[in-house]
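Protein chains: 4
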Amino acid sequence: MTSSVTPLDNLDVLSPYEVARLQDKTQGGLYSLFRQCALAVLNCGSEMDSTRMVLNRFREFDVQISQKHRGVQLDLINAPAAAFVDGELIQGIHEHLFAVLRDLLYVADKVDGCCEGLDPSASITNQVFNLLRHANALQPHVKPNMVVCWGGHSISHAEYEYTKRVGYEMGLRGMNICTGCGPGAMKGPMKGATIAHAKQRVERARYVGISEPGIIAAESPNPIVNELIIMPDIERRLEAFVRLGHGFIVFPGGVGTAEEILYILGILLQESNRAQPFPLIFTGPAGSEAYFETVDRFIRTTLGERATQCYEIIVDDPHAVAECMRDGLAEVTAHRKATGEAYHFNWQLRIPLALQQTFEPTHAAMRNLCLSRNQPDHVLAAQLRCALSGIVAGNVKEPGIRAIEEHGPFELHGEPEVIDALDQLLESFVSQRRMKINHEEYEPCFRLARAGRAS
Amino acid sequence: MTSSVTPLDNLDVLSPYEVARLQDKTQGGLYSLFRQCALAVLNCGSEMDSTRMVLNRFREFDVQISQKHRGVQLDLINAPAAAFVDGELIQGIHEHLFAVLRDLLYVADKVDGCCEGLDPSASITNQVFNLLRHANALQPHVKPNMVVCWGGHSISHAEYEYTKRVGYEMGLRGMNICTGCGPGAMKGPMKGATIAHAKQRVERARYVGISEPGIIAAESPNPIVNELIIMPDIERRLEAFVRLGHGFIVFPGGVGTAEEILYILGILLQESNRAQPFPLIFTGPAGSEAYFETVDRFIRTTLGERATQCYEIIVDDPHAVAECMRDGLAEVTAHRKATGEAYHFNWQLRIPLALQQTFEPTHAAMRNLCLSRNQPDHVLAAQLRCALSGIVAGNVKEPGIRAIEEHGPFELHGEPEVIDALDQLLESFVSQRRMKINHEEYEPCFRLARAGRAS
Amino acid sequence: MTSSVTPLDNLDVLSPYEVARLQDKTQGGLYSLFRQCALAVLNCGSEMDSTRMVLNRFREFDVQISQKHRGVQLDLINAPAAAFVDGELIQGIHEHLFAVLRDLLYVADKVDGCCEGLDPSASITNQVFNLLRHANALQPHVKPNMVVCWGGHSISHAEYEYTKRVGYEMGLRGMNICTGCGPGAMKGPMKGATIAHAKQRVERARYVGISEPGIIAAESPNPIVNELIIMPDIERRLEAFVRLGHGFIVFPGGVGTAEEILYILGILLQESNRAQPFPLIFTGPAGSEAYFETVDRFIRTTLGERATQCYEIIVDDPHAVAECMRDGLAEVTAHRKATGEAYHFNWQLRIPLALQQTFEPTHAAMRNLCLSRNQPDHVLAAQLRCALSGIVAGNVKEPGIRAIEEHGPFELHGEPEVIDALDQLLESFVSQRRMKINHEEYEPCFRLARAGRAS
Amino acid sequence: MTSSVTPLDNLDVLSPYEVARLQDKTQGGLYSLFRQCALAVLNCGSEMDSTRMVLNRFREFDVQISQKHRGVQLDLINAPAAAFVDGELIQGIHEHLFAVLRDLLYVADKVDGCCEGLDPSASITNQVFNLLRHANALQPHVKPNMVVCWGGHSISHAEYEYTKRVGYEMGLRGMNICTGCGPGAMKGPMKGATIAHAKQRVERARYVGISEPGIIAAESPNPIVNELIIMPDIERRLEAFVRLGHGFIVFPGGVGTAEEILYILGILLQESNRAQPFPLIFTGPAGSEAYFETVDRFIRTTLGERATQCYEIIVDDPHAVAECMRDGLAEVTAHRKATGEAYHFNWQLRIPLALQQTFEPTHAAMRNLCLSRNQPDHVLAAQLRCALSGIVAGNVKEPGIRAIEEHGPFELHGEPEVIDALDQLLESFVSQRRMKINHEEYEPCFRLARAGRAS
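Residue numbers (the working numbering), protein chains in the order written: chain A, 733 to 1187; chain B, 733 to 1187; chain C, 733 to 1187; chain D, 733 to 1187.
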């Protein structure tokens, strides 16, 4: 499919300088990043979950950026046909294309824009804030109602139907949905909420999708997403979730989902965050209990009892999930009011720099992770999160896959009990078929090494 | 559940005179009709398909109408709990309550309001027009895009999923949906279209539900319906469909659906309507072919070959249905433009008075129907439609059921070939389990008598 | 100027039956009434204050009503050029044309539509309510803020500037304006309020103009009016003012203004209306004190001291007027709340049938008025109002002028003190040049006869 | 008057970092600049035209910036009472306060944000573009309709009334107005257009005011301005006018107005700008011809005949002005279309760096200006513009006044004919009383020196 599109009004005011940046095919230019994200956006609905597969399949795809009345025109060449209806780009996808453009330009413009006088952690938070504000995602004075839903993009039909039912119950209660954009647990809650919002006549319902260039090809935004935000990397994406969201639901998923759980525990276990209400529910349908049992056991073993108090597990009860979330949001509202804190951005939450800084999953970095309990629990949580992040990269991300192909599996070291727990966790993901779409040929991208023992 | 509701703004301007009418429990007053319709609206989602069952189950239900600041307040006593979320009436149902109120008051006010100088047929059409206009259902200058979907309220899961997929494909193409309000084939297309409209960012999508007091309890409006219209009787309801809709889809259903098909054929077979494009598609999923085969055979036998050219049958192809409808709508648009005709109301269609006048399915009226081919085909179509209408009444409508209980089954007379065809049609509905929800005990409410033969 | 216009969307849904009524040039048809009102609307800004002058000057004007896509198209032939800018009808005037059409059609449809069971007075009030509701003029739940401004259409420049300043101060306080539509004191407050509303960013400011066919030609609606309502006659127009308005300001005017004052006193002097707060301010700039002194003296003499407590006179202080009105509106709000009364329509006010019924100012009717104090004060107020109404008719209304030309001046009879007071009132209007635009040749259309004395 | 205000929604999303900047009273902080601009905004309607007078009069004024729910709250202490109605800040002024805040923060954030790779002139233009875009002033796809009106803030009543009439005629034709924000010729056209826009039902009329910190105190934005933009300095303000505006009208004014005329001629006389249509009309009422005669003569003498072809002079004919502007805008539209140029920002216009760079009117800089005709006409125009800019500064701007007090009048050197022409121009401004509000004591802030002659 080949087609031309022009931006929606509010994005049709680009400077020639910006257009030139988008056209720039050199290293520093935005062209290649934009092409890759554009393809991901256009490829929604597809089942491919590796960037490489997507890029290969659509080798012939191109996006040409030209000026038209000093705005921008995109010529899409050989784009995935499923993005079009009767030759017209689906409107939601059309919006996503220009959301990508908006965020890439903004980040490119600000890249060195650290605020003088701010420490590194505050500076990153400020950047996340600025990006979300620029994307119009911060709406002041609206009572906390944004529920972040995490979970796998490749889940069973029963799990998918369950996420829809949970989304429906939340939508009936006026909650908005924020996810990581892709299919599966990221799409179901939005679909369910859409029907409920229609029944409740919620006119400005928000379906926020937060992605980042490294993952977007594997998790194409579904077109129900009506606010797509592209954060520059995975850490800022995770920070965007926790600062924008008011409540959090985790559906069954795979390693990526476990990584998100550890990220959030790394934050919540910080002393300074304990006072803050933070609704966090793990839920799935009857038949999917195993996932959360596994995860719960892993957390208990590695981070201890206290960590398990940060969340609640509800099995097969969408109604209870929605009511529990409603109560949690009421607490958040009360807390924000009492502390004079903004509704639209969680400034109060302290995120340690270790969780904000980019973790580059090289073989060395993976080997250097310290997976041991003789350190504060939130530090261990952060280390575990890095380990899982590396495994996700090795599974589905382009550079990770290439690194594994070149240097063999990552090595992870640590205290035997922790390594054992990790081993069991990952084993059970494999046996639950949660490790990748192509289960048959799954070959682990990592090797576990127990300290003081031969692995 | 007991709760108080006040109207939306534009309905909160009632005169004391109108409030008094609503409160009036005497014969001429509106109270009892309003209570019955209000209950139907509140009972949405339920599976009961007989008015009597609904009324019995909610014997304790009451709606008290009082004045508040010279507007109206409704106190709902013992209302079905499913209409509420956390103690709040679902917004869509809230709107439906006041749509009922709006239309009952309007009809009550106009009841004798025949326009001087107009013949009876024109006068009925004018009334339908006035009622639709008063309900804000006529939107001028919008390109023909209203697709009426008919079909059963009690269909199989596969059929229901299929109606959603057809609705989705039509929604992607910007079409709006109009149905008879209830569950099943009346709800699925709206649900599918809602998701598609979200993806296409259609902001003012229309989900029009047209009901009438006699049927509303059995076909509770689903809350996605965002324009509920209560016509005073079944004939005006049918006329509203054909004058408001631009395209027509029939999904599998039962006798009621067959009645609608005969109604429309009774119109389209009129000489004066032949020039008009009128997209009419019968469609269902693989596995449901039997329904349309049966119907098609019945039409061919009774009304002849020509009648079968009025519609197209598409099996198991939502995409093809949507594209066929899109082309049909384009033809309608072209025709209306060429003839200087309004987009918002099909004035051109000539509906014979026989199809406009209320058919009261008494035993005598049923017996007097002439089901024979030695009359113009459109006249026979109208007679057959009455026969089926009577059977629907005998099956699910309160007064019909009571009449059958008292006087035994209706008798239908006619030419043997027609009666045989009718027999086969109804037999096959029974064997396809399309006659009523309670299939086990189904006992026919009619007896067929072949002219010149002992029945 | 000759031009074609089509309606705004919400009026482009007419039935062929309605279009035929508009085209009907026979006695019962609407054509001639519509043509006359349309001309008035198009002639705004002109200084002519007699219907006859307007009709004469634009003898060649015609409006042809035709169908276009079953809506209506108006072809304006030889219309006043001032209504157009670069060949396009000014949008405000465009809206007025179709407001006229809307109200004439509505009244024509309902003319005999008296509600069964209502007494004549309630029935008239109900009709006023229905017409205002149909014109969308009743907006529920909005705090009382509608200020009716009465006063002359032909006032001095200083008085006109003063009305603008009062309008400005009221607009700053968020008040809306309702007037009789014409120039002078009917236009100034709207103009001032428009500037203030712009400064206060009031987006949906209301400038309501209420007219009637008999007066509209002499008081063309100025295009700032964004809600034009055509009541069927002068009595319903007056009732619309007092039921819709929450506060009342009277600027200097002529006999018509005095008539309005007496109408309102006829209501307020009713025992049953005494408890109701009813802000009523007479105001004018320095230099215009004489008008209200005259009126005040007349009221004191004829209706007594108590009548003078119904209003407040403020000279040359727009700020004080606005603050006084603000306080008055707060009282109205409190009263409506306390009594559970609607904000959007003053149902509580009792208007005696004598003030609701059409007063046809024939020579006989004028002669039969009883202008004497030995009757309840509110009855005398009503009689005086009729007397003044007749004088206005004789001055500027077509049938009145013709009657005078034929039969000579009206005769008015009454108690000498009342007649004397009336004499002085009218004399002083003449000497203040408030009797008509053409002061030079003013010849009174009435003769005063003192009971028991030769006149 | 002392009061607290919180921002409108879209500005209530500040970071703590930004709030700290606003609170910062040190040199680099924004506090003092913000306080000064806030006072100017609150002081609208006042007649004081020197920053110093304003600051003196409201010595006690303070604005305290505090955080409230991580947004910002402004506490206004001892603010001018005229900004309030019944204790509430006028909404337009409320918006202006936060527009100031928005722009000061934006500029502070970007101050060093020159774009790599752009030459200095392009970089300044890019900055102007970014600031206007951030202020939402660039609306794509809207047909050219923004008319910039220049002229004096202190003009006669007749001239003021005339500017209203011109604004009215332009408003009737759907044009928007952009001015420098203050009273007089900057307010009148907006007021006239407001009435016309009300009549034409223009819902999103734009009244753009562009100011800068150095001038805002002397030209308080009138509250009709619904888009206030604070550019960082006078040169960027002038560039904003010419890139945002589509047509230009100059009403009578003083030296500042003449400066604007020379600025625009400095641009239009550039060879590369000649092909571009650029509607430029000088107009005033009967009685004000002298101003433009003087200016026209000055231009003819100094810049030559060709320069006089850049503008048209229309005396006392608002209707002709509006029609001439309408035609000019049509040409602009056609040109932009033909050249594929944006409607919302005039990228094509080449502004020489000399006119973009800040001219600091020190005594040395003034002395070094070369006011002689042996240089390209557009260079001389730029030099003359600087001379006049310096005189404005010496007259009304705080630092300029102080410099004059300290070092005596500026000295201007140049070719005798040019200096003579300048002398006459300024003399005639004095005699027309256009030099300052306080005409009595006007003492020139400059001395003219003719090259080769003793001055």
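Don't take every hint at face value.
Copies of the same chain look alike in the list, so a pair counts if it works inside one copy or between any two.
[Said to hold, decoys possible] List time: in silico EDC-like cross-link candidates among lysine to aspartate or glutamate, alpha-carbon distance up to 20 Å:
(1) K875 <-> D1109
(2) K1069 <-> E1044
(3) K757 <-> E1021
(4) K875 <-> E820
(5) K800 <-> E1073
(6) K1069 <-> D1028
(7) K875 <-> D807
(8) K875 <-> E959
(9) K875 <-> D818
(10) K875 <-> D756
(11) K896 <-> D794
(12) K800 <-> E1149
(13) K800 <-> D965
(14) K800 <-> E1159
(15) K800 <-> E1143
(16) K757 <-> D1155
(17) K1069 <-> D1059
Calculated directly from the structure, the hints in this document are not laboratory data. Remember, predicted model here, so these are calculated numbers, not experimental data.
Here's how the hints hold up against the structure:
1. K875 <-> D1109: Classified as neither; 33 Å inside a copy, 58 Å across copies.
2. K1069 <-> E1044: Close neither inside one copy (24 Å) nor across copies (48 Å); limit 20 Å.
3. K757 <-> E1021: neither (49 Å within a copy, 56 Å between copies)
4. K875 <-> E820: Between copies only: 18 Å across chains, 37 Å inside a chain, cut-off 20 Å.
5. K800 <-> E1073: between (44 Å within a copy, 8 Å between copies)
6. K1069 <-> D1028: Close neither inside one copy (32 Å) nor across copies (58 Å); limit 20 Å.
7. K875 <-> D807: neither (41 Å within a copy, 25 Å between copies)
8. K875 <-> E959: Close inside one copy (18 Å), not across copies (29 Å); limit 20 Å.
9. K875 <-> D818: between (40 Å within a copy, 17 Å between copies)
10. K875 <-> D756: Cα proximity of K875 and D756: none, with 42 Å in one copy and 31 Å across.
11. K896 <-> D794: neither (35 Å within a copy, 34 Å between copies)
12. K800 <-> E1149: Intra 62 Å, inter 48 Å, cutoff 20 Å: neither.
13. K800 <-> D965: neither (31 Å within a copy, 31 Å between copies)
14. K800 <-> E1159: neither (55 Å within a copy, 50 Å between copies)
15. K800 <-> E1143: Close neither inside one copy (52 Å) nor across copies (49 Å); limit 20 Å.
16. K757 <-> D1155: neither (43 Å within a copy, 58 Å between copies)
17. K1069 <-> D1059: within (15 Å within a copy, 35 Å between copies)
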